[in-house]
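Here the protein sequences line up with chains Y and G, keeping their order.
At position 448 of the first sequence (counting the first as 1) the number is 448 in the working numbering, and the numbers step up by one without a gap.
At position 239 of the second sequence (counting the first as 1) the number is 239 in the working numbering, and the numbers step up by one without a gap.
Keep in mind that a hint or two might mislead.
When chains are identical, the list treats them as one kind, so a pair holds in a single copy or across two.
Claimed, not checked - With a straight-line cut-off of 30 Å between C-alpha atoms, the simulated DSBU-like cross-links for lysine-lysine are: (1) Lys401 with Lys205; (2) Lys205 with Lys216; (3) Lys209 with Lys404; (4) Lys95 with Lys404; (5) Lys435 with Lys205; (6) Lys401 with Lys95; (7) Lys444 with Lys205; (8) Lys326 with Lys444; (9) Lys390 with Lys17; (10) Lys309 with Lys62; (11) Lys421 with Lys326; (12) Lys435 with Lys62.
In case anyone wonders, no lab produced these hints; they're calculated from the structure.
Number of protein chains: 2
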Amino acid sequence: MNNSLWITFLEQLGENKISKSESELYRHSRDESSHLFVEPDFVVFPENVEDVVKVLQLANEKEVAVTPFGAGSGLEGQSIPINKGISLNFDRMNKVIEFSPEDLMITVEPGITRLQLNEYVNRHGLYFPIDPGADASIGGMVATNASGTTAVRYGSMRDQVLDLEVVLANGNVIHTGSKAKKSSSGYHLNGLFTGSEGTLGVITKITVKLHGIPEKVLAARCTFQTPGECAEAAQVVLSSGIQVIRMELVDAESIKQVNEYGNYSFPEEHSLFFEFAGAPNIVEEEATVVEELMKELGCNNWERANSSKERADLWKARHEMAYAFKHIKGKVSTGSDSCVPISKLAEMVVFGRELLEESGLIGGVFGHVGDGNFHTLVMYDPNDPVEVNKAEYTNEQIALKAIKLGGTCTGEHGVGLGKMKYQVTEHGEAVELMKSMKTLMDPKGILNPGKMFY
Amino acid sequence: MNNSLWITFLEQLGENKISKSESELYRHSRDESSHLFVEPDFVVFPENVEDVVKVLQLANEKEVAVTPFGAGSGLEGQSIPINKGISLNFDRMNKVIEFSPEDLMITVEPGITRLQLNEYVNRHGLYFPIDPGADASIGGMVATNASGTTAVRYGSMRDQVLDLEVVLANGNVIHTGSKAKKSSSGYHLNGLFTGSEGTLGVITKITVKLHGIPEKVLAARCTFQTPGECAEAAQVVLSSGIQVIRMELVDAESIKQVNEYGNYSFPEEHSLFFEFAGAPNIVEEEATVVEELMKELGCNNWERANSSKERADLWKARHEMAYAFKHIKGKVSTGSDSCVPISKLAEMVVFGRELLEESGLIGGVFGHVGDGNFHTLVMYDPNDPVEVNKAEYTNEQIALKAIKLGGTCTGEHGVGLGKMKYQVTEHGEAVELMKSMKTLMDPKGILNPGKMFY
């Protein structure tokens, strides 16, 4: 980038909203994935929608790439500015704009994080339940259509978004929805912009649904002989119509890592973790019904976490899983994020486990078994080409098999850089339509270029 | 239309798939709304996706309008071929393509109706819960993003659609999703085509979620002094987190009509109707909690319908409401379909009731109060210009006020012909984007022209 561009942006925005310090360029070059790091030319810190409009109008005129950056917790490189240009950081746009507890609804700026949002609304007896594990920014979660352990009950971000304020490539500002809980008016722009990873517009306000904090939460776990049996048991729970709030599969290898890492003593077998939430008597009843179902299927080690301490430990262990693996010295991690029809999950989980064994790499299989979404986590030495290849091979085999079985290459992490190569395989002719929509809405290709589609 | 076009289509499709008989032209000129009737030039009865491709390729080449027709139960004129041309009737495309009970999922052709679909899956202990009242075709329900009394629990059609097969204007066939329960891959075409009312493509296959038939269903009702109190009570239930399956407001005037029409003896007061569904003990518990909440709020006449006969009666009465009004001689009906944030519902319901009183027309207020979606039903003499104007005035005032309060002009009926005039007021600048998407995907404007946008 030539220096005159830097000066133009500097003059337009003022020096306290723009930086090309070494530390900022470094921070905005990466996310939590193992994708190649690329530094932007400079970083802009907008403070309001007008700043974003200004940036996009200038960027569009000068044809400079703009890549939004939230908390940097992405897993597919969406916020890595691979064409350099501007990293648009939302740290300063993290305010609550309007809170309507009586409507179970809040409007926030994209930079607010999941935990900040919950801190704000929890004291009103409400919570925002989508939980991807990391303390991601809400903007980033919308952009990738994130979900996580509670998707079995609440769906993904797309199911929570009521309205977005979006700045288009030409600087026009639109709203994609309304504050009504449902609507049949106009085209569904809410759904289109959610999950578009900053390639169609830049999100500047977000209205999402909130939910009442459940009066009681009860956790339980049990184990089965094989990962396949776990998956089948999960299917039985789903068919029962019982609204579990979380239902997670964790394979024996992952439990072993967690035990070592966190000094727990969970039975080192293939496990299902449950969470029930709601009115106390209802929760009690749900847990009892699921316990009966699981025991009929021959589960072992059914155990309820009755106290909130026990429950916290149980879910802490689940959330520490990625870190449990990551503490292995000299290794980095990669993993798959496939989602398949529930009936294919047992087959996929077994397949994933076999691939890991064959590769000889350390890794685990776990995931949101109520959605058919599961992850493998594979540890490899980034300096050993053989290990790198093996790790990539397991990811690729899982993605391709998932697509073949009617599923998707990414259930919740998004396309970013890592899943571009599967778009045509998964979506076929529809990719041409998606690309033509991108060209329509961003003719100069300034919005997060180099992501999603080739 | 000149005769050579008719001959071209006749030759390409064969005479048993095409008709311009008087009775067919009449049948395809209308839906259940009071919008102006327009006959198509002819009707085509495709039997498979290849037929639809053929029709669209020819229509695109010859620039002939194509308007899809399902069960004709729409309420906003979506299936009325106002630019004449071809009415595309899906009666013969009503098959089940793939049924995966273990995945709680089914793939059907668009012509299958809601009751046919349920008949097919009910024997497997499953059901498709979206219930707009009429026995609409599933294709029509997708096209309008229909919902109804169960939306408080299951959302609208858009929340049920996993994948669509769509024929684009140029005859290309795409899939909009996959068979995974969630996905972060590609742009969300599922959501875009759902609710697009045949203006972006023609739907030829639909994969939707199914749900387990609840083991027990329990209905109840109670009354309050004012419609506003009913709306506030509904808000309390929502905040409690109890997953009611239906929660309907019916005002006193509507109850009176229902009593007369169906020979019921419901208390002629402003009422809330509830339905709870799930495992027996859980349902019992939910009903008890809601009963306590309602009594704390000062409800009257709490009554449970314990037997399935009593429950059927109660919901039959609710579903007969539109007909109860419609049996008034010499009158036709129109109505509003607004949806607002829950906290604004009481205000809107009162406003609607006042507008009806002022107009001097007979009418009722009722609706899906758990979503903020409610209807007014206004009876008027179509040959009396003063009554016509008054009826239109009430609809317009309600739509405009709903939009002003952050809501939408249509919660579930769709835009069609009746809500076009509110699109810019509701969506602002976004309408330009929607129209450019329409032009991109249907450059010759053959797909259901004259609907949604001016």
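Against the structure, the hints come out as follows:
1. Taking CA atoms no more than 30 Å apart as the test, Lys401 paired with Lys205 passes between copies only; the shortest distance there is 23 Å, against 38 Å inside one copy.
2. Taking the closest pair of Cα atoms, Lys205 and Lys216 never come within 30 Å of each other, the shortest separation being 32 Å inside a single copy and 42 Å across copies.
3. When the C-alpha separation of Lys209 and Lys404 is checked against a cutoff of 30 Å, the pair qualifies only between copies, where the shortest distance is 20 Å, while the shortest distance within a copy is 34 Å.
4. Proximity of Lys95 to Lys404 under the C-alpha cut-off of 30 Å is restricted to the inter-copy arrangement: shortest distance 24 Å between copies versus 43 Å within a copy.
5. Both within a single protomer and between protomers do Lys435 and Lys205 lie at most 30 Å apart by alpha-carbon distance, with minima of 25 Å and 23 Å respectively.
6. When the C-alpha separation of Lys401 and Lys95 is checked against a cutoff of 30 Å, the pair qualifies only between copies, where the shortest distance is 28 Å, while the shortest distance within a copy is 42 Å.
7. When the C-alpha separation of Lys444 and Lys205 is checked against a cutoff of 30 Å, the pair qualifies only within one copy, where the shortest distance is 24 Å, while the shortest distance between copies is 35 Å.
8. Taking CA atoms no more than 30 Å apart as the test, Lys326 paired with Lys444 passes in neither setting, with 40 Å inside one copy and 55 Å between copies.
9. For a Cα distance limit of 30 Å, the shortest separation of Lys390 from Lys17 qualifies neither inside one copy, at 44 Å, nor across copies, at 55 Å.
10. For the homomeric pair Lys309 and Lys62, neither the shortest alpha-carbon distance inside one copy (56 Å) nor that between copies (70 Å) is at most 30 Å.
11. Taking the shortest Cα distances, Lys421 and Lys326 sit within 30 Å of each other inside one copy (26 Å), while across copies they are farther apart (57 Å).
12. Taking the closest pair of Cα atoms, Lys435 and Lys62 come within 30 Å of each other both inside a single copy (22 Å) and across two copies (27 Å).
Consistency with the previously given hints fails for numbers 2, 8, 9 and 10, ordered from lowest to highest.
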